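Trainee: What follows is the residue order along each chain.
4 protein chains.
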Amino acid sequence: MSELEGLTERMRRFARDRDWEQFHTPKNLAMALAGEVGELLAELQWLTPAEASEVMADPEAAARLRSEIADVTLYLVRLADVLGIDLVTAGHAKLDESDKRYTVEDYRGSARKAPPLS
Amino acid sequence: MSELEGLTERMRRFARDRDWEQFHTPKNLAMALAGEVGELLAELQWLTPAEASEVMADPEAAARLRSEIADVTLYLVRLADVLGIDLVTAGHAKLDESDKRYTVEDYRGSARKAPPLS
Amino acid sequence: MSELEGLTERMRRFARDRDWEQFHTPKNLAMALAGEVGELLAELQWLTPAEASEVMADPEAAARLRSEIADVTLYLVRLADVLGIDLVTAGHAKLDESDKRYTVEDYRGSARKAPPLS
Amino acid sequence: MSELEGLTERMRRFARDRDWEQFHTPKNLAMALAGEVGELLAELQWLTPAEASEVMADPEAAARLRSEIADVTLYLVRLADVLGIDLVTAGHAKLDESDKRYTVEDYRGSARKAPPLS
Numbered sequence: 001m002s003e004l005e006g007l008t009e010r011m012r013r014f015a016r017d018r019d020w021e022q023f024h025t026p027k028n029l030a031m032a033l034a035g036e037v038g039e040l041l042a043e044l045q046w047l048t049p050a051e052a053s054e055v056m057a058d059p060e061a062a063a064r065l066r067s068e069i070a071d072v073t074l075y076l077v078r079l080a081d082v083l084g085i086d087l088v089t090a091g092h093a094k095l096d097e098s099d100k101r102y103t104v105e106d107y108r109g110s111a112r113k114a115p116p117l118s
Numbered sequence: 001m002s003e004l005e006g007l008t009e010r011m012r013r014f015a016r017d018r019d020w021e022q023f024h025t026p027k028n029l030a031m032a033l034a035g036e037v038g039e040l041l042a043e044l045q046w047l048t049p050a051e052a053s054e055v056m057a058d059p060e061a062a063a064r065l066r067s068e069i070a071d072v073t074l075y076l077v078r079l080a081d082v083l084g085i086d087l088v089t090a091g092h093a094k095l096d097e098s099d100k101r102y103t104v105e106d107y108r109g110s111a112r113k114a115p116p117l118s
Numbered sequence: 001m002s003e004l005e006g007l008t009e010r011m012r013r014f015a016r017d018r019d020w021e022q023f024h025t026p027k028n029l030a031m032a033l034a035g036e037v038g039e040l041l042a043e044l045q046w047l048t049p050a051e052a053s054e055v056m057a058d059p060e061a062a063a064r065l066r067s068e069i070a071d072v073t074l075y076l077v078r079l080a081d082v083l084g085i086d087l088v089t090a091g092h093a094k095l096d097e098s099d100k101r102y103t104v105e106d107y108r109g110s111a112r113k114a115p116p117l118s
Numbered sequence: 001m002s003e004l005e006g007l008t009e010r011m012r013r014f015a016r017d018r019d020w021e022q023f024h025t026p027k028n029l030a031m032a033l034a035g036e037v038g039e040l041l042a043e044l045q046w047l048t049p050a051e052a053s054e055v056m057a058d059p060e061a062a063a064r065l066r067s068e069i070a071d072v073t074l075y076l077v078r079l080a081d082v083l084g085i086d087l088v089t090a091g092h093a094k095l096d097e098s099d100k101r102y103t104v105e106d107y108r109g110s111a112r113k114a115p116p117l118s
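Protein chains in written order, with the UniProt record's numbering: chain A, 1 to 118; chain B, 1 to 118; chain C, 1 to 118; chain D, 1 to 118.
Hint data in this document are derived by calculation from the structure and do not stem from the laboratory.
Where hints are given, some of them may not hold.
[As the list claims (entries may be wrong)] If you want the ones that stay clear, here's a sample from chain B, every Cβ over 12 Å from chain C, calculated:
| hint | residue |
| --- | --- |
| 1 | Thr8 |
| 2 | Asp19 |
| 3 | Lys27 |
[What the hints assert, rightly or not] Chain A regions said to be covered by chain C (calculated; three or more residues, Cβ under 8 Å):
| hint | region |
| --- | --- |
| 4 | 21 to 31 |
| 5 | 40 to 46 |
Note that the structure is a prediction, hence the values are computed from the model and not measured.
Here a beta-carbon is modelled for each residue, glycine too, at the ideal position from N, C-alpha and C.
So here's chain A without its partners, still in its complex pose (with noise of 0.2 Å):
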């Protein structure tokens, strides 16, 4: 079993062992990672660019992020379990079509033109 696939795994169970199953719909699902990256976004709001890249250093603030994106992995693989993507498969598919839509001749150094992934 895969490491991602021994968290999916251990998700279903902790939510068939609490009868949550009801509760872990698409939708509902999709709110709770948006929440979830919300708390992960309001752990570095405040902080300029150079605080936020020494953050690590910090092992409180360490810690909170650690248990932030923890919360988003958890709900970003429960969500893909239900819906029944593969999240590492979907990644690789999506660098596919990056790697020829994003040139490194065409997209190279500039901020301009530096677009999201998607």
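Could you slot chains B, C and D onto chain A? The hints should help.
Mentor: Just chains B, C and D, lined up with the frame of chain A:
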């Protein structure tokens, strides 16, 4: 190399080849992650719960959801890499906490008691 | 002074009095706005649609929702002020566009056709 | 009629004319709000703080930001209407609290002390 390490390494190369590492700061990546989660929400927002549960049966909607979930995954993997956080380790640590905090006896089946993981 | 100008002026003074203008950059405020929207989502995420429609009948949930919506409003007002955007003028301009784009004849009543405003 | 009431009334009519009230549930509108905030973030995510501070000087970027902020405003106004919340009253109530909680003496000027409003 694990599957997530493979994706992490590929994102790292993607950014380096385009000289986009300068843009991939913690704050910028967290914003990009939130932006992609927003696009994921937009795919589900007007569906009824019943429609959302069947959404993957529609090939076009399924392709869009796979694409948006891939974007979320890629920025999450990249942000974790920049911060030096291991997603799977962090996820299991959070589930260890949640197992203790949301005991099966106390939280089983009640909507009112179903809290966010955090 | 209009009601929104009153709120805008009060946020301006709030930031100035605490010397927080340095933190209230467009990027930081957009992150804060997203963080507060995340908290708003968290209030609604596990409710069924029926429960969510009645949520304001519960005094405690209503107070939390009012508080989260207030945070969203305040950061939106502050971000608009920093960017020099008039929210009401921008809102009406967008609705002028939407009136033309989503004509009543073409878009009436179809879930499939109900798109985001943008 | 105040300026926000005008916008609220127009959104109400916009939904009614298209028979879209069925889609404008609290959960759906909160998701739409988060989706639009995501688009707003995407406009700012790759800019340096200096670039973001000057972003409104670029007519094309300014138009996009006005459009995204308008979408956020419209969904916020619509969600508040559906929930029966007055945005300006809620905003002032929150600022009354924040004035007491974040006193000028204790919070003046410190990055470390600059917390979210909530």
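Trainee: A separate judgement is required for each hint: does it hold in the structure or not?
Mentor: Status of the hints after comparison with the structure:
1. Thr8: holds (24 Å)
2. Asp19: holds (21 Å)
3. Lys27: violated (7 Å)
4. 21 to 31: Result for this restraint: holds, n = 3.
5. 40 to 46: Held - the region 40 to 46 of chain A has 5 residues with a Cβ nearer than 8 Å to chain C, which meets the minimum of three.
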